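Novice: Sequence:
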Amino acid sequence: MTAHTRRLLVSSGIISAFDFAPGFPALLPGGLGLIERMHAQYEAEAGRVAATEVVSATPLLNSREYRDAYDGTHSYSNVYEVDGAEPSVLRPDGLRELVLHRRVDKVLLCRDPLFRAETTDARPLIREKHVWAVCQMVHQVVDGSMADVWTGHRDAFLRFMDAMLIPTLVVEAPPLRRHAQRRILTFTRTPDGRTWLTCTLYHLDDDFVARLGARGSVIELGYTAKLIAMGVALHEDRHGVCLPSRLAPAQALVPRRAPEAVHEVLRGAGLRVHEGKADWTATVRTARRTGAPLVVSAESADRVRLYTRGTDATRSVPLNGLAAAAHDELRRHDRALWERAVAFQAPLLDPGGEGTGVRPAESGDVPGLFRLGRPVDANTEQGRAAVRANTVLMSDKQRIY
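My numbering numbers the first residue of the sequence shown as 1 and each following residue consecutively.
Calculated from the structure, these hints are not laboratory results.
Per label pair, the in silico range of CB-to-CB distance: (1) S145 to R7: 46 to 56 Å; (2) A261 to L60: 50 to 60 Å; (3) R67 to T311: 47 to 57 Å; (4) E65 to D237: 49 to 59 Å; (5) G268 to R102: 36 to 46 Å; (6) D237 to A324: 22 to 32 Å; (7) D237 to M146: 41 to 51 Å; (8) D302 to R332: 17 to 27 Å.
Here the structure is a predicted model, which means the values were calculated and not measured. Ideal Cβ positions, reconstructed from N, Cα and C, are used throughout, including at glycine.
Work the whole structure out from these sequences, hints included.
Specialist: In structure tokens:
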């Protein structure tokens, strides 16, 4: 997270200006609301694959049992160990415990913090990055087609990224030792020129999960709240933060003393509405600072004003047309954010400038996923250049699509 992105997160009320520990800020109510919306959006998409259940995992694991279970498939150098009568590790992941839940053919979601020891402190981490929240998904498949479930989880995550308005490069990676027999990694490039790993989707090795006690094949996926920081960096404009309409805790801000009819129409249209404590001008300033997509207020008994954060434009519409106009402006808001984010992806998706057929595809009311128009052979010069653009070392056998 760059200093500039941090300033945006602080000024918009997402995180505090201070840290509990270096790199680990306090979450403010605005940030908690964003994380709740992010998790709810992913849960809704994962629920299209199979029934979901949110579960918890214990923070302390027996060191010997943990090491025996992973048996060389995992690096132990980053595990935070706790001395005591019974040596323990702070939960590096919840995989073993989620497998032992025995809830097969269900999508289990664990949002408890993970702990890694790269920084020598017990801070919530996942892999090499500090995080404020994490989601680990485990799906133990006994009945049904594993191929269909795998594709379903891949597409569920991409729909989730679509809702977050984060353009995504999808890479199918080679097997990972004895840990995963199939992997998908997703990447996005931020305005500072860095390429970030946004998700890992694993079909875990059958022998490995059998040692963990699984009854069937296991799919695992993980993402973190750094997606929110990435979105802030991708979507900001000259005023500050812009939030996607599906992520924003409040889709419409309504100034104080606005007629109840305005609230009724917006809520009846299915929008999340927040009543402000200030007049029109101050509420627009709040939207510009916090990223809320719309500001709506009455002009007269039968007309209303709408300010759209993404386009920084205001229009007047009749009150009886407010519901349709609000949804239209949310689409315009999302389109502006999407185009802003896509503009930063060209070096990642077409690093050689040779023309890959990259094009955004429409997907209902929200702009479509930004992917290569056709598969790219990673053994070509263009494919190797795309791989080199990523910050994670990858083998030449990966497929980029």
